[in-house]
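Q: Protein chains in written order, with my numbering: chain R, 1 to 405; chain S, 1 to 170.
Label-pair ranges, simulated between beta-carbon atoms:
no.	chain 1	residue 1	chain 2	residue 2	range
1	S	A14	R	P352	40 to 46 Å
2	R	R32	S	A14	29 to 35 Å
3	S	I129	R	L232	27 to 33 Å
4	S	L109	R	L206	52 to 58 Å
5	S	A157	R	C389	28 to 34 Å
6	S	P125	R	S36	19 to 25 Å
7	R	A208	S	A145	45 to 51 Å
These are computed hints drawn from the structure, not numbers from a lab. Glycine is no exception: its CB is placed at the ideal position from the N, C-alpha and C atoms.
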Amino acid sequence: MYAWFDQIFVRFGEAVLGWVTAYFPGGEPLARILLSVGPIAIIFPLIFAATTWAERKLLARIQNRLGPNRVGPAGILQPVADGIKTLTKEDIVPERADRLIHTLAPILVMVPAFLVLSVLPMGRNMTAANLHIGVLFFFAAGSISQIAIFMAGWGSRNKYSLLGGMRAIAQMVSYEIPFILSALTVVMVAGTLSTTEIVASQSLALAAAPDAGLLARAAVHLANTVGGWYLLQPWGLSGFLIYFVAGLAELNRSPFDIPEGESEIIAGHHTEYSGFKFALFFMSEYISMVAVCGLGATLFLGGWLGPKPIPSWGWFFLKVFALMGVMIWVRGTFPRMRVDQLMTFAWKFLLPLALVNVLAAGLWMYLPSRAAAWLLGGALMGAAYYGLCRLVRPPKTGPRSYRYA
Amino acid sequence: MRAVFYLIAIWTAASGLLAISRRNMIHCALALISFFGGIAALLFTLHADFLGAVQILIYVGAISVLILFALMVTQDASRLGDRTAPFSRGKWTGWILGALVFGMLGYGLNFLESSPSPNAASILPVAEIGRLLVTRQAVPFLAMALLLTAALVGSAAVAIEEPSDDAQDP
Chain R
1 MYAWFDQIFV
11 RFGEAVLGWV
21 TAYFPGGEPL
31 ARILLSVGPI
41 AIIFPLIFAA
51 TTWAERKLLA
61 RIQNRLGPNR
71 VGPAGILQPV
81 ADGIKTLTKE
91 DIVPERADRL
101 IHTLAPILVM
111 VPAFLVLSVL
121 PMGRNMTAAN
131 LHIGVLFFFA
141 AGSISQIAIF
151 MAGWGSRNKY
161 SLLGGMRAIA
171 QMVSYEIPFI
181 LSALTVVMVA
191 GTLSTTEIVA
201 SQSLALAAAP
211 DAGLLARAAV
221 HLANTVGGWY
231 LLQPWGLSGF
241 LIYFVAGLAE
251 LNRSPFDIPE
261 GESEIIAGHH
271 TEYSGFKFAL
281 FFMSEYISMV
291 AVCGLGATLF
301 LGGWLGPKPI
311 PSWGWFFLKV
321 FALMGVMIWV
331 RGTFPRMRVD
341 QLMTFAWKFL
351 LPLALVNVLA
361 AGLWMYLPSR
371 AAAWLLGGAL
381 MGAAYYGLCR
391 LVRPPKTGPR
401 SYRYA
Chain S
1 MRAVFYLIAI
11 WTAASGLLAI
21 SRRNMIHCAL
31 ALISFFGGIA
41 ALLFTLHADF
51 LGAVQILIYV
61 GAISVLILFA
71 LMVTQDASRL
81 GDRTAPFSRG
91 KWTGWILGAL
101 VFGMLGYGLN
111 FLESSPSPNA
121 ASILPVAEIG
131 RLLVTRQAVP
141 FLAMALLLTA
151 ALVGSAAVAI
161 EEPSDDAQDP
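Can you make the complete structure from the sequences, with help from the hints?
A: Here it is as structure tokens:
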């Protein structure tokens, strides 16, 4: 029963494929492509809509407000209202804008957002494109979005757009390095770039004694599906934290939302966008958020691995939604950073820390005893964190003296 | 498969032509990025997935940003749209350099055992590429790393402003 439920989408896909080959011989390759692309193109925009609602509700809760509550019960239909609104709004292009680039940018920004989803294993046997270079493909495709943001910033011919675009690129290029380095540790230890194999490498194969009771068997099952997560290793814990922080910056999300700082540059690169073009930017940001959380869950939280009653795809989406919830929580909690703090944090703190983390992962691989690896790796990361904090700390200023006129 | 190849080849060649013929510098740079993307697509059709992904990561994602930033910080950004004539100064240097690059590539092709074919078996797996980089090819790899570091330090040295005398005053 569990296996059937676990594989329900895979079975459905196979059934459709069998039906197509029976009735439309020769249509199989096309059906295969549609079956991989279709679910991604339908489910993730729906998740985007749900996320906008959830984010507004959660932020409202944090700020002691009600949030959307007019459209449907608890405002659940707010995304639909927003969608209709953006679709019917006038599409304005500034007179002196570069029309072609201005129009191409929101289309191009969607391409990487959806491309990266294809390599995420969303359940057992549920990877749209099971590439052997999956992780590399994720980062490569993700880097295209910088160009789209630049095009939006430059094509609008607006100083705020241009500044926002430049800020976005500078930030994404800077944070890409610790972002990739933190994922590198997992690739090192798992010994593969394939996302599917990385998930498989996080499952343990302990066997329960044949005469073990129900409780003991359940404990072994729990250890098999949870105990191997890379989060539970010293380099994995610090790697996950680095990944998450750098990921927030890659997504231009709070507290790294300097590229669209409303108080300084209006809305950055989407200042001059209206109607559905703006909605496309908005959508790509949220879908990238799902993708970054998805890769984080895949690399460090065991992907779709989890104890039994919940199916594998359920576990994957549970982890993704939990990570997204933390991102929204962070947005409601931390103030925006300054530009100089942003660059200092990336180059003087996060990058060296990520490099030390690579060393800690190497220690884990080559030290003979796990206890020594834990002790050494943990001490290494702790010392690096403490030292870097001391190093980056701004100079102490004396108490301010006031002179009254 | 052939049709795909020709489509990508036409796309790449057209982007390349646009990159050298447009009068708008930013359009040139964007066409160049599209050209890099076309090369990556060609690598994917040849089953060189790793090289294709690296091409996108390095060229589309990083080098292009470098080019765009260089354009933005060295020129008056508001006038970037209406400058530069193609084939103006430095025309002959360009022709000579182009001829040299083509000559080198043609000379290099002589050493290939056979013409490249979309044959998956002839492509090294990623793990093997990594192993070669730290064993047999370690010296060229390190030399390149040293070269890039030197270039980085050099560019930083060029970019740092000389502190003027009156800057010393409190």
